[in-house]
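Turn these sequences into a full structure, and let the hints steer you where they fit.
Chains as they are written, first to last, in my numbering: chain A, 10 to 560; chain B, 260 to 682.
If you are wondering where the hints come from, they were derived from the structure by calculation, not from laboratory data. Check each hint, because a few of them may be wrong.
Claimed, not checked - In the BS3-like style, the derived pairs of lysine-lysine whose C-alpha atoms are separated by at most 27 angstroms in a straight line are: (1) B:K661 <-> A:K540; (2) B:K338 <-> A:K95; (3) B:K425 <-> A:K525; (4) A:K170 <-> A:K518; (5) B:K507 <-> A:K208; (6) A:K540 <-> B:K425; (7) B:K501 <-> A:K208; (8) B:K501 <-> B:K433; (9) A:K526 <-> B:K661; (10) B:K662 <-> A:K525; (11) A:K170 <-> B:K425; (12) B:K575 <-> A:K95; (13) A:K338 <-> B:K507; (14) B:K290 <-> B:K305; (15) A:K526 <-> B:K433; (16) B:K425 <-> A:K526; (17) B:K662 <-> B:K303; (18) A:K540 <-> A:K518.
Quick caveat, the model's predicted, so the values are computed rather than measured.
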Amino acid sequence: MLIKLSGGTVYDPVHGINGEKRDIYLQDGYITRKPASSIKIDKTYDLNGKIIMAGAIDIHTHIGGGKVNIARMMLPEDHRADLVSKTKLTRSGCGHAAPSTLTAGYRYAEMGYTACFEPAMLPSNARQAHMEMADTPMVDKGAYAMLGSDDFFLRMLTAKKDREAISDYVGWIINATQAIAIKVVNPGGINAFKFNQRKLDLDEQNEHYGVSPREIIKSLARAVRELGVPHPLHLHGCNLGVPGNMHTTLDTIRAVEGMPLHLTHVQFHSYGTEGDRKFSSGAAEIAEAVNSNPNISIDVGQVLFGQTVTASGDTMRQYAGHWHAHPKKWVIMDIECDAGCGVVPFKYRDKNFVNALQWAIGLELFLLINDPWRIFLTTDHPNGAPFTSYPHLIRLLMDRSFRNDMLATINKGAAAASILSSIDREYTLYEIATMTRAAPARSLGLKNRGHLGGGAIADITVYNNIKNKEKMFEKPLYVFKNGEEIVKNGKIVKVVTGGTHTLRPDYDKSIEKSLKKYFDRYMTVKLGNFKIDDDEIVEHGNGNIIVQPCT
Amino acid sequence: MKTKTHQTIVLNEVPCPFCSLICDDLVIQNKDSKLTVKENGCAKVKAHFAQPLPDSTPALKGKSCSIDKAIKAAATILKQSSAPLIAGLGTDIGGMRSVMHLADNIGATIDHMHSDGVIRNTLVLQDLGWVMTTMAEIKNRADFIIFAGTDASNYPRFFERVIWNKNSLFRNIKKRKIVYIGDKLKTSTGRSPEGKLPTVLKCEQEEINEIISVLHAIIAGNIIQTPKIAGISLATLLKLAKQMQEAKYGVIVWAPGELNFPHAELTIQSICELVKYLTRTTRFAGFTLAGADGAMSANNVSAWQSGFPLRVNFSKGFPRHDVGRNSTKSLLKNKEVDALMWISSFSSNTRPPKAKIPTVVLATPEAKLDFKPDVFIPVATPGIDHSGQLIRTDNVVSLPLKKLRDSKYMSVSDILNRIIELI
Ligand SMILES: [Zn+2]
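Below, the structure written as structure tokens:
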């Protein structure tokens with residue numbers, strides 16, 4: 010089947026195409042060069058005046074795994090307000106803060122997304138995370154394995170194991186859990202909380218192990234680089250949400266000494282202590298540091314107003330935050346000498362000084378960081394807001410007068426404390442295409458995705474060109490997944506399964522000897538049963554494995 | 260597929276699907292399709308594994324028939340029903356995925372045979388939340404463990420694996436303090452390998468709440484005047500409260516299914532609130548023993564596919580969660596359903612309810628039924644006859660089940676998928 014997308018306006022930053030009228034040809038799931046005129050075209054879409062981009066990629070969204078499922082179980086009232094009926098094509102479910110897997114997949118696709126990455130997969134919970142992702146249709150998935158508070162790793166650091174041994178362990182984890190990257194959450198802090206430590210700064214030591222977050226970050230960042238994992242170490246830093254944590258973030262950037270590092274949901278790590286409320290924006294300093302350190306990439310974790318739920322591996326900080334739970338219920342869990350999770354429902358209020366300033370800080374970061382190749386659009390779904398608010402967020406970035414109208418409605422003190430009104434920048438469609446397609450694909454090392462050149466997988470989104478960018482991005486005209494039309498006018502027309510992106514870094518297999526001994530002695534599953542076979546991911550017919558190359 | 264005659268295969272690291280601890284260190288011998296536990300199984304499961312595959316066939320009202328005919332008859336019953344109930348739900352994750360798909364298609368209600376216990380926990384989670392832990396954390400970190408209303412004897416290897424374990428990362432196992440609160444508890448397992456006896460606070464199960472509440476009050480700094488609380492002296496509780504505050508990593512274990520009295524969820528809530536309070540100054544966590552017959556898996560799959568934990572109804576085309584109304588017992592009693600499908604693929608002792616409505620039973624071949632259902636289909640057991648996955652009692656770890664022998668019986672998932680095609 011040869012399909013022609015005719016005459017659309019194309020935004021393809023990988024090839025420097027900035028709003029040019031182009032024809033695109035799809036064949037057997039791939040984008041192909043213009044065929045010889047003798048070859049019959051089976052179907053033509055006339056896309057004159059329409060906007061074409063590659064399918065969008067969400068680099069950080071909590072869509073699967075234990076903590077998300079705890080959030081689902083915990084919040085029936087949130088789900089009752091957003092029930093989703095079955096249709097001839099699609100299954101029933103529910104949406105909002107912690108949507109059912111099926112609804113999440115449908116809604117991502119209906120918003121023009123073709124891949125989503127779960128950023129906090131606990132190795133001990135990886136099997137369930139993959140099962141939930143397999144039940145998330147329409148989009149491709151992938152997950153980052155969480156390390157840094159697991160006792161095996163901390164024992165290695167304390168025992169001063171050499172860097173090769175640490176790389177071997179990290180490589181083993183990526184293979185065993187079918188991950189595509191490594192995340193570290195409050196480095197060593199989840200572990201320290203189990204020993205009743207309530208805070209852990211960059212150079213503070215875990216009381217039991219005598220190692221600091223700085224050492225953990227450096228060790229893991231090095232291992233990730235040495236294994237050839239394309240995505241840099243994905244770091245949820247120390248002191249999330251703590252006023253003054255901007256200094257920790259700046260110190261963290263310096264700590265990696267030029268090694269690649271991705272700082273996630275930086276909005277929650279960009280707080281100063283200026284002003285009467287001792288809570289201020291550190292966005293300008295953080296943006297300056299990101300701008301001048303090309304080894305650093307970030308995603309924002311934008312806050313948008315309304316009810317949501319925060320779900321994180323950071324038990325230490327989630328416990329500290331539970332006093333603000335809304336409604337008043339919360340879960341903290343210590344998990345398998347591996348990590349933990351905390352689930353705290355939360356309502357961000359536009360008239361609340363802190364929440365309003367958080368909103369402004371996120372936008373300041375977006376607008377002050379210059380290079381859209383190193384900043385990704387996220388709300389840290391559902392922590393800052395549910396992913397369904399992305400179109401609204403895009404409008405805030407692209408439309409200065411809309412942004413200022415919104416700014417006029419928030420807490421006056423927060424609006425006054427923010428430099429937002431003085432920022433003129435409006436994101437262009439080219440920059441949006443970069444930060445939501447080209448850049449995440451490049452950062453994750455996804456071959457043949459995030460662009461529209463010959464040989465790319467035909468994951469494509471077509472939008473109506475509407476002035477109101479929220480309207481434009483919430484309802485694409487068409488979405489193609491692997492060359493098939495799956496969405497039309499913002500509604501599913503075909504259900505597909507999507508695959509799972511993984512990585513198979515090389516490592517010295519003899520690490521399994523010490524791992525087996527450790528598992529036999531201290532763990533409650535056997536090493537062999539901890540590992541996830543390819544068969545387990547494909548056997549239910551819910552998807553395939555896509556192995557991405559290491560660098 | 261036929262196993263060659265006189266062939267003996269030994270399988271290592273076999274996860275056991277028969278209780279929610281899912282011990283995965285079993286060594287199983289398959290000799291001519293006869294399974295024997297060679298190492299590590301508890302007494303309870305040795306019989307399960309040893310059970311030979313009896314010859315059974317699908318049947319309509321007790322009359323033997325082909326599998327195709329039985330599947331067709333089951334599909335017809337469900338298709339004609341305007342309010343079907345899919346209950347039992349003794350299956351693995353694959354089976355549960357198919358249950359969800361079928362229930363959504365036909366507008367059924369779903370409920371698990373062990374929901375009563377699971378739901379006591381759900382109510383607490385949805386009301387106030389909790390601080391919880393998992394098996395490896397207990398094994399390596401816990402220094403003080405309270406068993407509230409359970410002795411864990413339904414989970415035979417719990418003590419061996421995570422209380423009196425041989426190796427621990429951070430704790431001297433010998434110094435572990437064990438406390439029991441409740442009635443009819445077998446406390447001898449709480450005796451340490453060195454012979455140190457556990458503390459036992461004997462009271463009615465219904466009185467556990469009172470004891471927990473007084474402990475909470477003491478720890479919160481209140482002065483208690485009553486000399487005896489539920490038959491326990493105040494001095495005992497004062498001492499216990501002090502020990503709890505001094506613990507480095509305390510755990511309170513309960514089994515929601517064994518707190519079997521009205522509003523037992525309030526007892527669980529008190530436990531969870533006490534744990535939360537202790538977490539302000541030290542580390543404490545809850546742990547539940549629950550979920551035989553795949554109950555944890557059913558609860559989790561229901562949550563991720565529908566957004567709601569168990570007892571969900573799909574009759575309106577979208578999921579509705581109602582833990583009271585959607586129970587098997589009340590639906591049958593109030594005649595709110597007009598067809599029943601019962602699923603039980605692990606144990607032959609789980610009997611389906613006898614209801615005066617068309618009934619489809621998917622059960623192990625050796626199932627003993629005291630009535631002749633409209634449709635009976637013998638099914639394979641996950642982890643014995645086919646591979647699969649199950650979620651453990653702590654709601655975090657899931658294990659891969661293995662196929663240990665050839666079976667002529669179909670999996671629940673395969674049967675339901677064929678029914679889905681026919682409807
Ligand atoms: Zn996150």
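Hints, verified against the model:
A threshold of 27 angstroms between alpha carbons decides the hint, and for K661 of chain B with K540 of chain A the separation of about 14 angstroms falls inside it, so the pair holds. With a CA separation close to 17 angstroms, the supplied pair K338 of chain B and K95 of chain A stays within the 27 angstroms bound. A hinted pair counts as satisfied when its Cα atoms are at most 27 angstroms apart, and K425 of chain B with K525 of chain A qualifies at roughly 16 angstroms. For the suggested pair K170 of chain A and K518 of chain A, the alpha carbons sit about 16 angstroms apart, so the restraint of at most 27 angstroms is met.
Annotation: proposed proximity of K507 of chain B to K208 of chain A holds, straight-line Cα distance about 17 angstroms (limit 27 angstroms). For the hint linking K540 of chain A to K425 of chain B, the alpha-carbon distance of about 24 angstroms falls within 27 angstroms, and the restraint holds. For the given pair, K501 of chain B sits about 25 angstroms from K208 of chain A by alpha-carbon distance, which is consistent with the 27 angstroms threshold. Note on K501 of chain B and K433 of chain B: the hinted pairing holds, with a Cα-Cα distance of about 20 angstroms set against a maximum of 27 angstroms.
Simply put, K526 of chain A and K661 of chain B have alpha-carbon atoms about 23 angstroms apart, close enough for the 27 angstroms limit, and the pair holds. This hinted pair checks out: K662 of chain B and K525 of chain A have alpha carbons roughly 23 angstroms apart, not beyond 27 angstroms. Restraint check for K170 of chain A and K425 of chain B: the C-alpha separation of about 26 angstroms stays at or below 27 angstroms, so the hint holds. For the proposed pair K575 of chain B and K95 of chain A, the alpha carbon gap of about 9 angstroms is at most 27 angstroms, so the pair holds.
At most 27 angstroms may separate the alpha-carbon atoms for a hinted pair to count; K338 of chain A and K507 of chain B meet this at roughly 25 angstroms. A C-alpha spacing of about 15 angstroms is found between K290 of chain B and K305 of chain B, which places the hinted pair at or below 27 angstroms, so the restraint holds. Taking the CA atoms of K526 of chain A and K433 of chain B, the gap is near 22 angstroms; set against the 27 angstroms cutoff, the hint holds. A hinted pair counts as satisfied when its Cα atoms are at most 27 angstroms apart, and K425 of chain B with K526 of chain A qualifies at roughly 13 angstroms.
With a C-alpha separation of about 20 angstroms, the suggested pair K662 of chain B and K303 of chain B falls inside the 27 angstroms cut-off, and the hint holds. The straight-line distance between the Cα atoms of K540 of chain A and K518 of chain A is roughly 14 angstroms, inside the 27 angstroms bound, and the hint therefore holds.
Comparing the model with each numbered hint stated earlier shows that all of them hold.
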